[in-house]
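Enquirer: Sequence:
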Amino acid sequence: MGRKLRLTAEADREGLRVDALLSGAEEGLTRSAVQRLLEEGAVTLNGAPVKKNHRCAPGETFVLTLPDPQPPRAVAQDIPLDVVYEDDDVIVVNKPVGLVVHPAPGHPDGTLVNALIHHCGASLSGVGGELRPGIVHRIDRDTSGLIIAAKNDFAHLALSAQLQDHSLFREYAALASGRFRQDQGTVSAPIARSPRDRKRMAVVPGGREAVTHYTVLARYRGATLLSCRLETGRTHQIRVHMAHLGHPLVGDTVYGSKKPVPGLAGQCLHARRLTFRHPRDGRVITVECPLPDWFEAVLSKLTPE
32 MGRKLRLTAE ADREGLRVDA LLSGAEEGLT RSAVQRLLEE GAVTLNGAPV
82 KKNHRCAPGE TFVLTLPDPQ PPRAVAQDIP LDVVYEDDDV IVVNKPVGLV
132 VHPAPGHPDG TLVNALIHHC GASLSGVGGE LRPGIVHRID RDTSGLIIAA
182 KNDFAHLALS AQLQDHSLFR EYAALASGRF RQDQGTVSAP IARSPRDRKR
232 MAVVPGGREA VTHYTVLARY RGATLLSCRL ETGRTHQIRV HMAHLGHPLV
282 GDTVYGSKKP VPGLAGQCLH ARRLTFRHPR DGRVITVECP LPDWFEAVLS
332 KLTPE
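Going by this note's numbering, the sequence shown runs without a break in its numbering and finishes at 336.
Rather than coming from a laboratory, the hints here were simulated on the basis of the structure. One should not assume that every hint holds.
As the list claims (entries may be wrong) - Straight line, CA to CA, 27 Å or less: simulated BS3-like cross-link-like pairs of lysine-lysine: (1) 289 to 332; (2) 230 to 289; (3) 35 to 82; (4) 230 to 290; (5) 83 to 35; (6) 290 to 332.
Said to hold, decoys possible - Quick list of simulated restraints, FRET-style, between CB atoms: (7) 43 to 236: 53 to 61 Å; (8) 109 to 318: 21 to 29 Å; (9) 149 to 82: 40 to 48 Å.
Being a predicted model, the structure only gives us computed values, none of them experimental. The beta carbon of each residue, even a glycine, is placed where N, CA and C say it ideally should be.
Whole structure, please, built from the sequences with the hints as guidance.
Expert: Here you go:
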């Protein structure tokens, strides 16, 4: 049906063209947009369509019928994918640093979703909506590694259930600043939007439950290589939890030092292992991918303890 917008011409608007009167009446309503509405008969005066060259008289009330907003749709783009596992139900991709997972404000295209649509065609689940087809979980733009997508709604719902019951295991390699005294531990601290900065997440009392298990893989002077396993999947969870411990990730300019690390585009965080039950037959599948070259390069510059 569309939304109705009414605007009355004041005395000082006498003789003004109707498209000039109505443009700017609402944010985003440009003169060209008003002209299209006039051509479509969507602008009326006393119930009759208004002509494009109509000159306004004081007291005339125009009714615009604005079209219902159409949800944007992600489009196919030929972006290279490093496919680690694929069958008729699921696809697992090794995402590089810098690739955004799905379209969002500031990133309308050039995302993993655009690449998946090109690779999979129409074979992606629709549970996540038209901007997130197939996307079961996300990883940050500047985090690399494994991400699983569903090719149909059946697989999507099954994988989402595994996320909820924590049977879909996600393990990350993380290089944290400083030295960890103990070899392993668990961080159980609720996460929510930071009350000081809405662009950041933080450990906040009353936030959503967040649990991260970590194990020390190697110790270096000034840094520790960890294996982190997510029990929950909150936004920036590992980054927030490590910063909460006083060990922000190397290269994380949001939760750690504001000074970038030369040669790093983001934080040293890589989703290296993913284990899930196949939605169709229940097989337990584990996929792995090695540390990317940029991560190995950082480690090679460190001195082992």
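Enquirer: Going straight from one Cα to the other, do residue 230 and residue 289 come out at no more than 27 Å?
Expert: holds, 15 Å
Enquirer: Taking 21 to 29 Å as the stated bounds, is the beta-carbon spacing between residue 109 and residue 318 within them?
Expert: The hinted range 21 to 29 Å holds for residue 109 and residue 318, with Cβ atoms some 24 Å apart.
Enquirer: Residue 83 and residue 35: Cα distance at most 27 Å?
Expert: holds, 19 Å
Enquirer: Verify the proposed pairing of residue 35 with residue 82, using a straight-line Cα cut of 27 Å.
Expert: holds, 18 Å
Enquirer: Mind checking the hinted window 40 to 48 Å against the Cβ distance between residue 149 and residue 82?
Expert: Taking Cβ atoms as reference, residue 149 and residue 82 lie about 45 Å apart, which means the hint holds.
Enquirer: Has the given pair, residue 290 with residue 332, been kept, meaning a C-alpha gap of at most 27 Å?
Expert: holds, 18 Å
Enquirer: Going straight from one Cα to the other, do residue 230 and residue 290 come out at no more than 27 Å?
Expert: holds, 19 Å
Enquirer: Given the hint that residue 289 pairs with residue 332, does the C-alpha gap stay at or below 27 Å?
Expert: holds, 21 Å
Enquirer: 53 to 61 Å was suggested as the range; check whether the CB atoms of residue 43 and residue 236 agree with it.
Expert: With Cβ atoms ~56 Å apart, the hint holds.
The structure agrees with every numbered hint stated previously.
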